[in-house]
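Novice: Listed below, chain by chain, are the residues.
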Amino acid sequence: MQSETGLQLLARLGSRPSIAGVLSPIFNDGPSAKDVIELFGTEGTGKSEILLNLVAGIILPKTWKSVNLNGKDASVIFIDNDYKFSILRLVTVMENRIHATLKNAPQAEENLTNDVELLIQKCLSKLSLIRCTNSSELLVTLYSLEQTLLSNPNISVIMIDSISAFYWIDKCNGGESLAAQEKNLTLISEVLSKFINSFSLIVIATKCALMKKRMREDYNLEKSASNIDRLKNDHQEFLCKAWGQLVTQRFHVEKQLASNHFKCHCIHLGSSKNADKTVIQFQITDNGIQVL
Amino acid sequence: MSAVRPNLCPQLSEDVVSKLRSAGVKTVVDLIKTDLEGLALETSLPYKDLVIIRRLLLAQFSTFPVNCSDFYLTTIASSSIIPTPAEKLNELLDGGLYTSEVTEIAGEISSGKTQFCLSLCVSVVMKARQNVVFIDTCGGFSADRLAEIAESLYGEEHLEHILQSVKVIEAFDIFHLMTALQTIKDKMVKKVDPFYDTLKLLVVDSITAVIYPSLGGQQMDGHGLMVQLSLKLRHLAADFSLCVLVVNNVIGDGKVSLGKTWSHVPHCRLLISHPKDQESNVRELVLIKSSRLATGGKTKIGITEKGIEDWT
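In order, the protein sequence lines correspond to chains A and B. Heads up: the first sequence is residues 1 to 292, going by the UniProt record's numbering. Heads up: the second sequence is residues 1 to 312, going by the UniProt record's numbering.
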């Protein structure tokens, strides 16, 4: 018989703050509870930038001094395996976002600079940063988060930048057996899946395109295929099966060198095929992501 | 993954460990993921003890979350920007090279990569009053050239100080390089050598020379080593607010070498090349990757006896 403690029951039934519409239109009116979103792309395509913008939108309050900041007032756990999280960039994005909103708000008082700083400080306390140095440390850390998640009902998202960080190290340490190579990531996926189900969490992870898609014989056929098919074929799952099954939405991020614009394609996995063919173009400015 | 062994925590005696082992619990992960009630029945160890052991091991082997409002304050207090000797380049990089970041400069043979590094060493010592560790992996470091740059910019009276503030470590393969990085880390943690208290810039010239020999073929070991090395560099940069500058090569038509996995490593990537229609000492620098700035910006520098400087 399965038993659970009162705390677990509350965590399972109680609702966590919704972050729906936080970075629309890239995520449409999502992400919704229990989504597992994977951001996939080569280097410098704005994956981490999307995460930072999401964080900014999530931890800001809904309103502040009767100005509508359109934040979600929720907490985030950010797992930085790549050691690339830049808090300074996050603060810049938040500051610019607040100032841009204040400019358009007639009721705003002047000279709020100090207050903005205090507000940002307050918001940042809703963000926890974890830096892991190898995959078993990540696994143990995830296990240890269970208590945190139980006691803090305000946490609605876990972000992982990136889930592929330890891929090569695990591959080398695992020896010949594929199962041993993928052991840690499989266990990590299991823990995440447990969290998602018992806490209605959202997981957003980046995955670096670490290898080229192998050319297949029918490559010429693929060339003529539509854009979305090309992208589907562009992606090659190299992480373990457990992770692949966990992902519900995959976003392909691309960069167009000529225009410095970024392109984001959403692909819903599991559900009806090619249901969503939206392509969002955005650019990255000092204020963060600007959708074109 | 660490094995469950005696003395990891007080409750883990030899006896307990052998009982756990006979129940198939060998590593820390095994213990953490197993259902403790079942394990207590199987090993006849008290459930309470198992819970305590699990909690202690969790604390010992996990990373503690950092609250970002504290993290922000420490970052602001510890981070700095290292200006390069060329003003226009600083504008391109929004001030210069940032601490806690890995910056990469890539270019063909004799495109001025090492000159850029040497010039930066001098400006870090004189402008920022900080120390430099220069890891030379291919014998490209020239103390004479460093002295020439230093002397022509700041005169003979500062020469000794500048040369004393740059430490050169030779490491000709990836294992020596990793050992060298570990030694630097140890010294920064222990704080016994005053040189490392003011260390701000770590140069690896070049990273390609040590990684390339281990890549290729059917073996995956090379990739594993490369990622290990890249993590070591990033940890050093982040944990000690260092600025890490690595030198890379390009292959063929301006493609940076070391492939897709490495390309995710640097925060900033500068491409240095010699424009064909320009004089022989002029170089063009292009920012091709950055985690905080718009990419594609260009600037020209000239290489003279004073190192690198703006070219107008």
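Honestly, the hints are just simulated from the structure, not real lab data. By construction, the Cβ of each residue, glycine as well, lies at the ideal position given by its N, Cα and C atoms. Please note: incorrect hints may appear among the correct ones.
[Unchecked claim] When the alpha-carbon atoms are kept at most 30 angstroms apart in a straight line, the in silico DSS-like pairs for lysine-lysine are as follows:
id, chain 1, residue 1, chain 2, residue 2
1, A, K255, B, K26
2, B, K190, A, K183
3, B, K33, A, K34
4, B, K190, B, K127
5, A, K183, A, K241
6, B, K33, B, K127
7, B, K127, A, K241
8, B, K260, A, K171
9, A, K241, B, K298
10, A, K194, B, K48
11, A, K171, B, K200
12, A, K183, B, K260
[Claimed, not checked] Chain B is faced by these chain A residues, among others (derived, beta-carbon under 7 angstroms):
id, residue
13, I87
14, I169
15, L269
Novice: Does the structure keep K33/B and K34/A at a Cα separation of 30 angstroms or less?
Specialist: The hint holds at about 22 angstroms.
Novice: K241/A and K298/B were given as a pair; does the straight-line alpha-carbon distance stay at or below 30 angstroms?
Specialist: violated, 43 angstroms
Novice: For the pair supplied as a hint, K260/B and K171/A, confirm whether the alpha-carbon distance does not exceed 30 angstroms.
Specialist: Holds - the C-alpha atoms of K171/A and K260/B are around 16 angstroms apart, at most 30 angstroms.
Novice: With the threshold set at 30 angstroms, check whether the alpha-carbon distance from K171/A to K200/B stays at or below it.
Specialist: Roughly 34 angstroms between the alpha carbons, so the hint for K171/A and K200/B is violated.
Novice: Using the nearest Cβ pair, does L269/A come within less than 7 angstroms of chain B?
Specialist: violated, 23 angstroms
Novice: Given the hinted pair K33/B and K127/B, is their alpha-carbon gap at most 30 angstroms?
Specialist: The given pair, whose Cα atoms are some 53 angstroms apart, is violated under the 30 angstroms limit.
Novice: Given the hint that K194/A pairs with K48/B, test it: the Cα-Cα distance must not exceed 30 angstroms.
Specialist: Holds, because 24 angstroms separates the two Cα atoms, which is no more than 30 angstroms.
Novice: Between the alpha carbons of K183/A and K241/A, is the straight-line distance 30 angstroms or under?
Specialist: Measuring from Cα to Cα gives roughly 11 angstroms; hence the hint holds.
Novice: At a threshold of 7 angstroms, is the proposed contact between I169/A and chain B supported by beta-carbon distances?
Specialist: holds, 5 angstroms
Novice: Taking 7 angstroms as the limit, does the beta-carbon of I87/A come near enough to a beta-carbon in chain B?
Specialist: holds, 5 angstroms
Novice: Taken at face value, is the distance from the CA of K183/A to the CA of K190/B at most 30 angstroms?
Specialist: violated, 36 angstroms
Novice: Just to be careful, I want the Cα atoms of K190/B and K127/B compared with a cutoff of 30 angstroms; is the pair within it?
Specialist: Given that 30 angstroms is the threshold and the Cα spacing comes to 27 angstroms, the pair holds.
Checked against the numbered hints given earlier, the structure breaks hints 1, 2, 6, 7, 9, 11 and 15 and satisfies all the rest.
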